[in-house]
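Chain A is fixed; fit chain B onto it per the hints.
Here the protein sequences line up with chains A and B, keeping their order.
Note that UniProt numbering has the first sequence beginning at 1, numbered continuously upward.
Note that UniProt numbering has the second sequence beginning at 1, numbered continuously upward.
What the hints contain is simulated information worked out from the structure, not anything from laboratory work.
Beta carbons: idealized from backbone N, C-alpha and C, even for Gly.
Selected chain A positions facing chain B (Cβ under 8 Å, derived; list incomplete):
| hint | residue |
| --- | --- |
| 1 | 271 |
| 2 | 403 |
| 3 | 407 |
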Amino acid sequence: MVDMTRREALRAGAAALAAPALVERANAQGGFDWRRFRGERIEATVQLSPRGQFLQKNNAEFEELTGIKVGLEVVPEQQHRQKIIVEYASGRPSFDVTEISLHVNKRQVGKARWNTDIKALIADSSLTAPDFDFADYGEGMVSYATQADGRLDSCPAGADYFILYYNKELFATRNVGIPKTWDEMAEAAKRLADPSKQIHGHVGRGVKNANVVLWSSYLLGTAQRDMIDANRQLITDTPDAIWAGETYRRFIRDLSPPGSIGFNWNECQTTFMQGRAAMWVDGIGFAAPLEDKARSRIAGKVGYAVVPRGPGPNHHCALFGAGYAIPEASRKKGPAWFYIQWALGRANQLKWLTSGAGVPARSSPFRNEEAISQSHFPREFFQTLEASAKIARAGLPEIVPVTQFRDVIGSALTNTLGGADVATELKRATAEFRPVLEQSERES
Amino acid sequence: MPRDAAVLDGAGSAALPRRRNYARRYAWFVVPAAVVVIAVIVFPWAFTLYVSAFDWRLGGERRWVGLGNYETLFTDARFGWAVVRTLAYTALAVVAPMLLGLAAALCFHRRFPLRGLARTVFILPMMATPVAVALVWTMMFHPQLGVLNWLLTQVGLPPSLWVYSADTVIPTLVLVEVWHWTPLVMLLILGGLASLPIDPYEAAKIDGASPWQAFRHITLPLLAPFIVVALIIRTIDALKAFDTIYVITQGGPGQASETINIFLYLQAFAFYNVGYASAVVVVFFAIIMLLAALLLWTRQRVRVT
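Extracted from the complex, chain A is given alone in its bound form (with noise of 0.2 Å):
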């Protein structure tokens, strides 16, 4: 007689169940060989998050579908990024996938040359499964992961746009409508504050680095909307760059609760969650606990807008986003391409958006309507996400020392909440920064 463990019973238990479906999946790529590197080990990094978590949780799925098995690490956001960074810097790195921060690593890495072309790998049809479509990624998501020399280093996975949180109860017993300018947010805030139930009107970023990323929510809204020109010079001392910073002043220090210049997003989220703040601007991708009954008290009177607009002709929200990369030092680029393929995919991707998990970088999740209805999340949030995607532009320059501009700009941005002069404080971080950015442009 065979001895078999529990944990061998469970697993043959698990595959003779997941057989039909991987058959008919298999069967639905015509002929596409998913287990062609059977029996290969890959080691793939993603960071710790609803997406991280999701495939930690289904990781099984894709050892049954192609045999291979995955050595899944998932690290907190910040840790990762550094992690991976010295490993690349090594010239040995452990994994053979990573997530990578566009907003933050893009251009480190670009320059760095330390990914694969996944162009290649997408035009080899013996690679490349029938179904994973390229076309299917939305062009600004292509464009956003596609480097300066047009090289695409890693594979878009999804977006993070700033929107507007607001709670639907508290406008409603106020009867305030929702803002459409910056202006009339500020308005808002203040009709909406209760000192005597502590409710604030608005809670936001304060704490340093974290907070350039509001700070520039505001500057997309002026006439400028950037941080560098088109010659690569820094232009945060601008008129509109003062404008931004003085709006960041007015609704962190005037209109958020004491205290908020040492929040982060986890402050912030708390605050809103308890019901203490009426409305926040942050990442989309905040949204799933915000609806989770066990964790918040405003869960189901969450309501989604696009970000005000400022007083310039542009219009935009702030837009960060992930992709997955194989490095170059990768021996196993085949069964890598294969994870990146399934983790990214169309079925993954959609559930990423309706379980609330992140925004998908494709674009067919977004049409699946039957899917979209099903979902615990109001219609409200999918038309926000629309709507907030066709307006969508980079938060943050697109330079190599991107945490240290987020650390100098940070730092400016903070001393006004003590009560500096806003255009000193930027002039003075303008200078303390230029130099560093001249650098490293001369070195890209």
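Positioned in the frame of chain A, the structure of chain B alone reads:
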């Protein structure tokens, strides 16, 4: 000729060949330890010194700048402020636990009901993981939703901004440090108290010394070596403090709690400026060595006294 002189000029060398052979043979036993020391201490240090002579960002070019990074460092106001904050934080995070730890040790040295249980409860914070401790305190410090402000308002005091204000962030971080590490100081001093002889106290009692006089002139001098050991451990720990500060404030608000460690971390792992960060490491190491030497010298003086 005296025997020693004969040994020195080689006349007695015939008497020592076995010892010299042993020494040569045993020399090989040092090799594993030497390899480990070279691999984990000497090489990293030599490499850090080497890297500190380059202008080098990960993924970018490496350019030799000699002492350029050190020149930049000594004119970098942000680094200067980081040094000031580190020293201020260290001073507070050493003095407060020392005083409280001494008081707690004196208290727990006395016999009272459930003393063992009370001692166990007192040292519990020390057992907790610093990152977990920091996360719990972060929640408690929240200005609107934290339990600390709720407690303050319950007793009629105004709420505080704790770590969410540049004015209060350093004292608040010290509060966490005090809560976490006072038990260690207490344990070290309690060990010292348990080893004190009884005779001087009996003599002092016969001579009519008051409890304060006995403490001032007997307990404190006899405890001094233990106090200095606790002081050295606390000082080095406080200088190295990183996890608590990073988790709670990441050096903020603004740069209000940016100590040398946080500054170093940002340079190395946020800006990937490894050349400059290596120079910071070298200077920080020099500062720690200087303070450690000062404390060891103090300890030596205390022992002599």
